[in-house]
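Asker: Just need the whole structure built from these sequences, with the hints factored in.
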Amino acid sequence: MGQQGATIRAQRDSARWPWTAADADFMATMLHHHAQAIVMAQWVPTHDADPAIHRLAGRIITAQTDEIQLMRTWLLDRNQPVPDANPAGQTMQMGGMTHTMLMPGMLTDAQMQELDGARGKEFDRLFLTYMIQHHRGAVTMVSALHEHRTNAQDETIFKFSADVHIDQSTEVARMITMMLEMGFTPPMPPG
Numbered sequence: 001m002g003q004q005g006a007t008i009r010a011q012r013d014s015a016r017w018p019w020t021a022a023d024a025d026f027m028a029t030m031l032h033h034h035a036q037a038i039v040m041a042q043w044v045p046t047h048d049a050d051p052a053i054h055r056l057a058g059r060i061i062t063a064q065t066d067e068i069q070l071m072r073t074w075l076l077d078r079n080q081p082v083p084d085a086n087p088a089g090q091t092m093q094m095g096g097m098t099h100t101m102l103m104p105g106m107l108t109d110a111q112m113q114e115l116d117g118a119r120g121k122e123f124d125r126l127f128l129t130y131m132i133q134h135h136r137g138a139v140t141m142v143s144a145l146h147e148h149r150t151n152a153q154d155e156t157i158f159k160f161s162a163d164v165h166i167d168q169s170t171e172v173a174r175m176i177t178m179m180l181e182m183g184f185t186p187p188m189p190p191g
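If you count the sequence shown from 1, position 23 lands on 23 in the working numbering, and the numbers rise without skipping.
Hint data in this document are derived by calculation from the structure and do not stem from the laboratory.
Note that this is a predicted model, so its numbers are computed, not measured.
For every residue, glycine included, the Cβ atom is placed at its ideal position computed from N, Cα and C.
Be a bit skeptical, because a hint or two may be false.
Unchecked claim - Using C-beta positions, here's what the derived DEER-type ranges look like:
| # | residue 1 | residue 2 | range |
| --- | --- | --- | --- |
| 1 | GLN42 | ARG72 | 16 to 22 Å |
| 2 | ARG174 | ARG119 | 20 to 26 Å |
| 3 | THR65 | ASP109 | 19 to 25 Å |
| 4 | LEU76 | PRO189 | 21 to 27 Å |
| 5 | GLN42 | HIS148 | 30 to 36 Å |
| 6 | PRO81 | THR177 | 35 to 41 Å |
| 7 | ASP66 | GLU147 | 23 to 29 Å |
| 8 | ARG78 | GLU114 | 37 to 43 Å |
| 9 | GLU122 | ARG78 | 40 to 46 Å |
| 10 | ALA173 | GLN42 | 43 to 49 Å |
| 11 | GLN111 | THR150 | 32 to 38 Å |
| 12 | PRO187 | ARG55 | 26 to 32 Å |
| 13 | VAL82 | THR177 | 34 to 40 Å |
Answerer: Written out as structure tokens, the structure reads:
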């Protein structure tokens with residue numbers, strides 16, 4: 001029984017822990033976060049980027065497109081609102097006005113314009129700098145979710161959030177190496 005038995009026990013244990021409002025909020029806000037990363041990565045082919053940046057961008061687009069579908073499905077399966085993935089951030093109505101809230105690591109409009117206006121080596125530098133910022137923000141979001149013991153007990157949330165943490169931390173390390181190899185100074189970690 002071994003691994004199969006352990007999997008069955010883990011699934012039963014996870015079933016005892018329902019998802020939380022924080023889990024649903026994490027999935028909904030991560031939709032926006034991923035949408036911005038995809039927009040950034042989609043600019044690579046038209047901005048004279050280095051071939052290594054093309055490979056990285058392709059991986060980001062593929063992984064995060066699949067993850068957006070997972071997040072949407074998870075929310076739908078729990079009868080939760082599924083926001084349109086907005087690369088500018090989460091919009092909220094307050095006092096008759098619409099406000100956009102950026103999740104940790106998301107680029108401001110000015111940063112997005114700066115990136116879109118760059119070409120060649122400057123695009124490479126900004127893309128890596130801003131994608132490191134963006135990925136570190138996703139890791140921050142995962143860490144915040146896991147701060148409370150009742151969050152991320154749902155099997156899908158736990159696996160997805162752990163995957164985001166591992167994948168994006170690994171990509172940050174890879175992007176720092178890429179920056180050094182290209183002669184750029186990587187951004188320092190926050191704090």
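Asker: Against the earlier hints, flag every one the structure doesn't satisfy and list their numbers going up.
Answerer: 4, 10 and 12
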